[in-house]
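S.K.: Residue numbers (my numbering), protein chains in the order written: chain A, 1 to 310; chain B, 1001 to 1217.
Any given hint might turn out to be false.
[Stated by the list, open to error] In silico DSBU-like cross-links for lysine-lysine, where the CA-CA straight-line distance does not exceed 30 Å:
1. B:K1176 to A:K95
2. B:K1094 to A:K177
3. A:K147 to A:K177
4. B:K1176 to A:K147
5. A:K147 to B:K1094
6. B:K1104 to A:K150
7. A:K95 to B:K1104
8. B:K1002 to A:K95
9. B:K1061 to A:K177
Derived by calculation from the structure, the hints in this document are not laboratory data.
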Amino acid sequence: MLEKLATLDRRWLFLVMAIAIIVPLLVPVSLPFEASPPVRATYDAVEALRPGQTVLLSIDYDPAARPEVEPWARAVLRHLLRRRVKIVMMTLWDKAPPIVRSLINEIVLGEYNQRRGYFAPDQPGGRLAQDYAPYRYGEDYVFLGYKDGKEIVIAGMGQNLRQMFPVAEAEREGGDKIPVARIPVLSGISSLRDFALILEASAGFPGAKEYVQQVVTRYRLRFAAATTAVSVTDLSPYYPEQMLGLIGGMRGSAEYEQLVEAPGLGTSGLNVLTFGQIFVILAIVLGNVIFFLQRRLRPRSSPGAGGGVG
Amino acid sequence: MKQTLPLVITFLIGTLMVAEFFVPHAGVHELTALLQEWGLVIAAAAFVLGGINVVQVNIPKIARRERDWGYRVVLIGSALAMVIAGFIPASVFKPETGAPLFGKEGIVFTFLFDYVFAPANATMFALLAFFIASAAFRAFRARNLEATLMLSAAIVVMVGVIPVGEWIWSGMPAVKQWILDYANNAGRRAIMVGVALGAVATGLRIILGLERSHLGD
Chain A
1 MLEKLATLDR
11 RWLFLVMAIA
21 IIVPLLVPVS
31 LPFEASPPVR
41 ATYDAVEALR
51 PGQTVLLSID
61 YDPAARPEVE
71 PWARAVLRHL
81 LRRRVKIVMM
91 TLWDKAPPIV
101 RSLINEIVLG
111 EYNQRRGYFA
121 PDQPGGRLAQ
131 DYAPYRYGED
141 YVFLGYKDGK
151 EIVIAGMGQN
161 LRQMFPVAEA
171 EREGGDKIPV
181 ARIPVLSGIS
191 SLRDFALILE
201 ASAGFPGAKE
211 YVQQVVTRYR
221 LRFAAATTAV
231 SVTDLSPYYP
241 EQMLGLIGGM
251 RGSAEYEQLV
261 EAPGLGTSGL
271 NVLTFGQIFV
281 ILAIVLGNVI
291 FFLQRRLRPR
301 SSPGAGGGVG
Chain B
1001 MKQTLPLVIT
1011 FLIGTLMVAE
1021 FFVPHAGVHE
1031 LTALLQEWGL
1041 VIAAAAFVLG
1051 GINVVQVNIP
1061 KIARRERDWG
1071 YRVVLIGSAL
1081 AMVIAGFIPA
1091 SVFKPETGAP
1101 LFGKEGIVFT
1111 FLFDYVFAPA
1121 NATMFALLAF
1131 FIASAAFRAF
1141 RARNLEATLM
1151 LSAAIVVMVG
1161 VIPVGEWIWS
1171 GMPAVKQWIL
1181 DYANNAGRRA
1191 IMVGVALGAV
1201 ATGLRIILGL
1211 ERSHLGD
């Protein structure tokens, strides 16, 4: 029996894992949880922004990391809109521009400008900015686009943002790119130092670590980032000195959603994570129980083992 | 000359880039900004070079029907489809209303990105969940004291991350945070400082011409 369990076909494990992931998607279970200090610190930093201040939001992830990091990107974008701050978006990842466009289309143009979803004032929990007016491209927000060069771009933006991004993306596809000198939202912004806050959704390289190493410490910038859970251990040494906030994985995203009172993909994903993680823990425990039982039984069953006893 | 010139260039540019951190002179900043722009141009050129390289490596293997040549056809075909969909100007086949057919935000490119690339990319990442489950059962063993410590810390952090941890014991997230803030950070910082010192030493060796492996030595 023990031998059979020890050599269990791994497809059974795959099946149980699949069930652990699919069931919570079909039957949502929500357990209460509290926001951790690094997440709350990020929320407080956004909450402290004054209307009209300019924030840089760098979207640096690909579709693979979308489930973990995008819930935060959506939640923080909603939060920034509610705070009525000016938003400059950009990316250092070649696969991210369509993601940024979808965020703009769904949240800025869809939800906020058309007063739907989270911003619908007639819905329970509707969170509209007090001084509501639609966000206009170039005046209230802009997408600078994608720039390759990794750390060079980050270091360059620390010195001269316009040199790294001389033009911004057009508002609509097919339009001409806009010289940054003609973009009102960038008036008074010449380098990263001019942003009230820098936020980044980071899924790896180049990401939060490169921001810290290249510019955050050097220019004493106010910087917070959301990362995949696997990167948290890498970045936690930077909190709270270099990074004023750190949102780790799906749990961090769910915590931020809770703070902005907009449960979304992070909160529902946390349910899935919970069941998946419980199964992994059970697999570790079961694997070790079998391991120790086998070790205990082995000397008795095999006469040659046990250091010559008997 | 073949050796000396690259060494001189490395020395001059390396020294200038380091000096930029310590010399608050506008001229130095302008010069380093110019070099950074050159860096961007090289990075952009690397994309083109990468594309040429993919074609150069794969086309002959397809022609010779080497092992897995079918996958190479898919690779070249997919790359071509994305390039064509993105490169054709949006003004071509632009309807009166709605999104254009081509261009990097056109219907074709968006469709390929949203319904082919994104699910395939996410699937590769999601497969990890299954392999982690298998590895957890088969490989994660408390064989000795170090492994037991790592195992215990991992379980506490895993339980602390999910809401069930708080449900079991309200102090669980605090314990998880303590492990991250103290045990993890202590180790990480030690590694980071070591790596940073190593990077400084290697940088100096390259600038001073003591390290020449990048020149093919």
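S.K.: Now, for every hint given, state plainly whether the structure supports it.
M.R.: Evaluation of the provided hints:
1. B:K1176 to A:K95: violated (33 Å)
2. B:K1094 to A:K177: holds (18 Å)
3. A:K147 to A:K177: holds (14 Å)
4. B:K1176 to A:K147: Roughly 37 Å separates the two Cα atoms, so the pair is violated.
5. A:K147 to B:K1094: holds (27 Å)
6. B:K1104 to A:K150: Status holds; Cα separation ~21 Å.
7. A:K95 to B:K1104: holds (12 Å)
8. B:K1002 to A:K95: Judged against 30 Å, a Cα distance of about 39 Å means the pair is violated.
9. B:K1061 to A:K177: Violated, at roughly 40 Å.
When the structure is compared with the earlier hints, violations turn up for hints 1, 4, 8, 9 and for no others.
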